[in-house]
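K.L.:
Fit chain B to the supplied structure of chain A, relying on the hints for placement.
As they're listed, the protein sequences go chains A and B.
In terms of the numbering used here, the first sequence has 169 at position 169, counting the first letter as 1, and numbering is strictly consecutive.
In terms of the numbering used here, the second sequence has 39 at position 39, counting the first letter as 1, and numbering is strictly consecutive.
Since the hints were derived computationally from the structure, they do not count as laboratory data.
Certain hints may be false.
[Unchecked claim] Cβ pair distances, simulated, as ranges:
1) B:D332 / A:E33: 50 to 56 Å
2) B:G427 / A:V17: 54 to 60 Å
3) B:D185 / A:R181: 49 to 55 Å
4) A:I149 / B:G212: 50 to 56 Å
5) A:Y35 / B:D210: 30 to 36 Å
6) A:R181 / B:G427: 22 to 28 Å
7) A:G97 / B:D130: 44 to 50 Å
8) B:F430 / A:Y206: 53 to 59 Å
9) A:A95 / B:D295: 30 to 36 Å
10) A:F321 / B:A373: 50 to 56 Å
11) B:E387 / A:S158: 42 to 48 Å
[To be verified] A few chain B residues that don't get close to chain A, going by computed Cβ distances all over 12 Å:
12) D124
13) V134
14) P143
15) N209
16) D380
Treat the numbers as computed from the prediction; the structure is a model and nothing was measured.
The beta-carbon is built from N, C-alpha and C at its ideal position, and this holds for glycine as well.
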Amino acid sequence: MEKQSLSKYLTWLLGAVVGVLVLWRIITVGVAEGYPTSFWISQGINGLVLGGVYALVALGYTLVYGILFMINFAHGEVMMLGGITGFFALQFATAQGWMDGSTTVVVAALLFILVTGMLGSVATGVALERLAYRPLRRAPRLVPLISAIGASLFLQYSVLLIFGVTPHSYRKPDLISGGIRAGNVFIPYTGLIIFLASVLMMLGLYLIIQRTKLGRAMRAVAEDKDTASLMGVNVDGVIVATFVLGSALAGAAGVMLGFHNTVVKFNSGFIPGLKAFTAAVLGGIGNIPGAMFGALILGMIEAMGPSALGIPTQYKDIIAFSVLVLILIFRPSGIFGEILSEKKA
Amino acid sequence: MQRRTALLALLLILAMVLAACPAPAQPAPAPAAQPAVQAPSKEGVEAPSKEGAESEGLKKELGEMTGKVVIAPGQTIRIGGSFALTGPIPDPGKDIRQAAEIAIDDLNAAGGVEGFQFELVAEDGACAGDQGTVVGNKFAADPTIVAVTGGTCSGETIGLMPSLQKARIPFVSPSATNPAITSSDCDICNRVALSDALQGVVDADFVFNDLGKTKVAVMQDSEDYGKGLAQIFQDHFKELGGTVTNSEGIQVGDTDFRAALAKIGANAPELIYFGGFSTEAALIAQQMGETPGLDGSLFMSDDGAYTKQYLDAAGNAAEGTYMSFVAGATNDATLEEFNAKYMDKFGVNPKDLGPFHGQSYDSVMLIATAIKAVAVKNGDNLVIDREELIKAIRNVKGLQGLTGTLSCSEIGECGAGGVQIFTVKDGEFFQVAGFGMQ
Chain A
1 MEKQSLSKYL TWLLGAVVGV LVLWRIITVG VAEGYPTSFW ISQGINGLVL GGVYALVALG
61 YTLVYGILFM INFAHGEVMM LGGITGFFAL QFATAQGWMD GSTTVVVAAL LFILVTGMLG
121 SVATGVALER LAYRPLRRAP RLVPLISAIG ASLFLQYSVL LIFGVTPHSY RKPDLISGGI
181 RAGNVFIPYT GLIIFLASVL MMLGLYLIIQ RTKLGRAMRA VAEDKDTASL MGVNVDGVIV
241 ATFVLGSALA GAAGVMLGFH NTVVKFNSGF IPGLKAFTAA VLGGIGNIPG AMFGALILGM
301 IEAMGPSALG IPTQYKDIIA FSVLVLILIF RPSGIFGEIL SEKKA
Chain B
1 MQRRTALLAL LLILAMVLAA CPAPAQPAPA PAAQPAVQAP SKEGVEAPSK EGAESEGLKK
61 ELGEMTGKVV IAPGQTIRIG GSFALTGPIP DPGKDIRQAA EIAIDDLNAA GGVEGFQFEL
121 VAEDGACAGD QGTVVGNKFA ADPTIVAVTG GTCSGETIGL MPSLQKARIP FVSPSATNPA
181 ITSSDCDICN RVALSDALQG VVDADFVFND LGKTKVAVMQ DSEDYGKGLA QIFQDHFKEL
241 GGTVTNSEGI QVGDTDFRAA LAKIGANAPE LIYFGGFSTE AALIAQQMGE TPGLDGSLFM
301 SDDGAYTKQY LDAAGNAAEG TYMSFVAGAT NDATLEEFNA KYMDKFGVNP KDLGPFHGQS
361 YDSVMLIATA IKAVAVKNGD NLVIDREELI KAIRNVKGLQ GLTGTLSCSE IGECGAGGVQ
421 IFTVKDGEFF QVAGFGMQ
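For reference, chain A alone in the conformation it holds in the complex (with noise of 0.2 Å):
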């Protein structure tokens, strides 16, 4: 007893000496390159929409875990499914020339190819509960996550075998190409775009979540699936439910990062779903709130670190990944993240 507390305190006296260092640095580098407030600004709102992306594919993690205790490695693979799909409404869409058409047409179209991409999203996620974790679910815990990595490979495998190697790219319509400038701050539409309806999809699962009758189940399922099965819940349908709503979200951070960065390939999901993986660690995995927070603080992090810590901005995925190993250390349950129970752990 009196070993582990001794160890314990020596952790967290080594973990502040970390964290002074990192701020003395921070410091020293913010005076020596002195950059203006507008370049934080902007940096911020690159941080924000990374993390709107970040935050949207992090729910379908933490809903998953939530109620299965299994990491979906295959989830990063949903997204950039739905961002292929989305890639091909755009092709049909711009071939029917509604790209080119009025304002309200041309919304249509979006929105017609956000909820392709969505559907292809939920299509691939469903198939992947019912082929690679349901014939699982009675297996050791090791064994789904396993076959979660397999599925991920297959997933990017399959593609790239199906729809080649050359990255597709999106053509932004007119509407949504430029953005807002105030000063020497730029605000994309798309950037703009993403974040807001991230914001919009993450409340309305909270509702849906909170207010419904499948949000209930939903939580039943997640306390103890066998006595949530015993009062009438049909379990197999919860879970299909959860993996269409985390796919959904899924799929349309995948349609509208395509739409941002205008481009989709093969693997252009795993990055992303790790760093989705992070932040929903992060916040604590298995917490919705904790999700989007962690999403928004990884994005943050990843935009505004390099500049911060004055190293060259290809460490970006260093930092936000020794984030992740930082809050493993310090707190495993995350920053929002409630004390596991015995069943959880």
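P.N.:
Frame of chain A; chain B shown alone:
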């Protein structure tokens, strides 16, 4: 708990190193000379297992055999090909492969060598160093491979080098431009493309003298090719008296460069020079327009981005950007004949896929010319001496190819022509300058 403390100690050390760096933190630039020529990995691994397996007598026999390729009647002269069929530039890779197939068809239609036909053994080098090593090992382990055309990218080619060097299989790359690929240390390394030592210098001259820009930022994709080229550009630009405000690296496959661009935009350079491939170049060109401080800046990139895919992906953002290309002097009449054959066989205009088809065709032709010079009939068999073939490639002089007159130097630079610079207008490339063209 023990492990946790150890991990923390490690993090602490990391943080200290980070904090101890000088504050302005210009990222330490990679040394100008490329040190990573000999990728070391496989060298030591293969030799012992091979030697251990064979008995003494067999080994002796094998030693005599490996010096020569013996092709029995009915068999083909097998030329390996390492092409970037996946990875960041799949379209140019496919173009290079298809042009090589046309060259093989032409050679076979002309009767091959002493009645022996050629065969192309295509592998995917994926434009990456690790995959290049895999392909190199595969070819090195195949005693029927006579020579190799490829790789497509510099990193991939550097990955090919060690195992091919060991197996004494010469290669000619149609498109790898990193200066480190040819040197007096490597007798099997040859290329038809021109070295970036030329391209980087010409590009810097063009920006400084012709465009009159003195304040630029340099970006590169952290690959052998892009990083090497960007470094040459940067060094020469500083020598000319220009200022390089930022030198930022990015990762191939990343799609959001806004954070890096915002950092560059804070210094408002007049031009961004990017060493890398078309996908990333197109994204940078687009996202520059969304970055305060960069909306009036020009963008210039290189032969890795001189593709139709760049034009398609960047759309309007491509207008007014510059690209350089290490071009051969094109011979219009023969090129048209080639284009017709290509269209006929693959149903696509080579220009729509990539720029290096001429170099690829010439690369195969160069190899075939050297093979014809050294192959001898021994009974019914065709025998090619590996060492003689390596020398014969360097001895090719005055070969008329699609890209001009090819003559190999003593370090394996066989390319013709010079550097062309293009600008984009109405979705098409237009040449604005040419340097060192025949």
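K.L.:
Note whether the CB distance of F430 of chain B and Y206 of chain A lies within 53 to 59 Å or breaks it.
P.N.:
Cβ of F430 of chain B to Cβ of Y206 of chain A: about 54 Å, so the range 53 to 59 Å holds.
K.L.:
Can you tell me whether the CB distance of D185 of chain B to R181 of chain A sits inside 49 to 55 Å?
P.N.:
For D185 of chain B and R181 of chain A the Cβ distance comes to about 54 Å; the hint holds.
K.L.:
Does the beta carbon distance between I149 of chain A and G212 of chain B stay inside 50 to 56 Å, or does it fall outside?
P.N.:
holds, 54 Å
K.L.:
Is D124 of chain B truly not at the interface, in the sense that its beta carbon sits beyond 12 Å from all beta carbons of chain A?
P.N.:
For D124 of chain B, whose nearest Cβ neighbour in chain A is about 10 Å away, the distance does not exceed 12 Å, so it is violated.
K.L.:
Given a hint of 22 to 28 Å, does the C-beta separation of R181 of chain A and G427 of chain B actually sit inside it?
P.N.:
holds, 26 Å
K.L.:
When you look at the beta carbon of D380 of chain B, is every beta carbon of chain A farther off than 12 Å?
P.N.:
holds, 42 Å
K.L.:
Given a hint of 44 to 50 Å, does the C-beta separation of G97 of chain A and D130 of chain B actually sit inside it?
P.N.:
holds, 45 Å
K.L.:
So the hint says 42 to 48 Å: do the beta-carbon atoms of E387 of chain B and S158 of chain A match that?
P.N.:
Given a distance of about 46 Å, which is inside 42 to 48 Å, the answer is holds.
K.L.:
Taking 12 Å as the cut and beta carbons as the points, is V134 of chain B off the interface with chain A?
P.N.:
Nearest chain A Cβ is 17 Å from V134 of chain B, so the label holds.
K.L.:
Does the claim that N209 of chain B lies off the interface hold, with its Cβ farther than 12 Å from every Cβ of chain A?
P.N.:
holds, 30 Å
K.L.:
CB of G427 of chain B to CB of V17 of chain A, is that within 54 to 60 Å?
P.N.:
holds, 57 Å
K.L.:
Looking only at beta-carbon atoms, does the pair F321 of chain A, A373 of chain B fall within the given range of 50 to 56 Å?
P.N.:
holds, 55 Å
The earlier numbered hint that this structure contradicts is number 12, and it is the only one.
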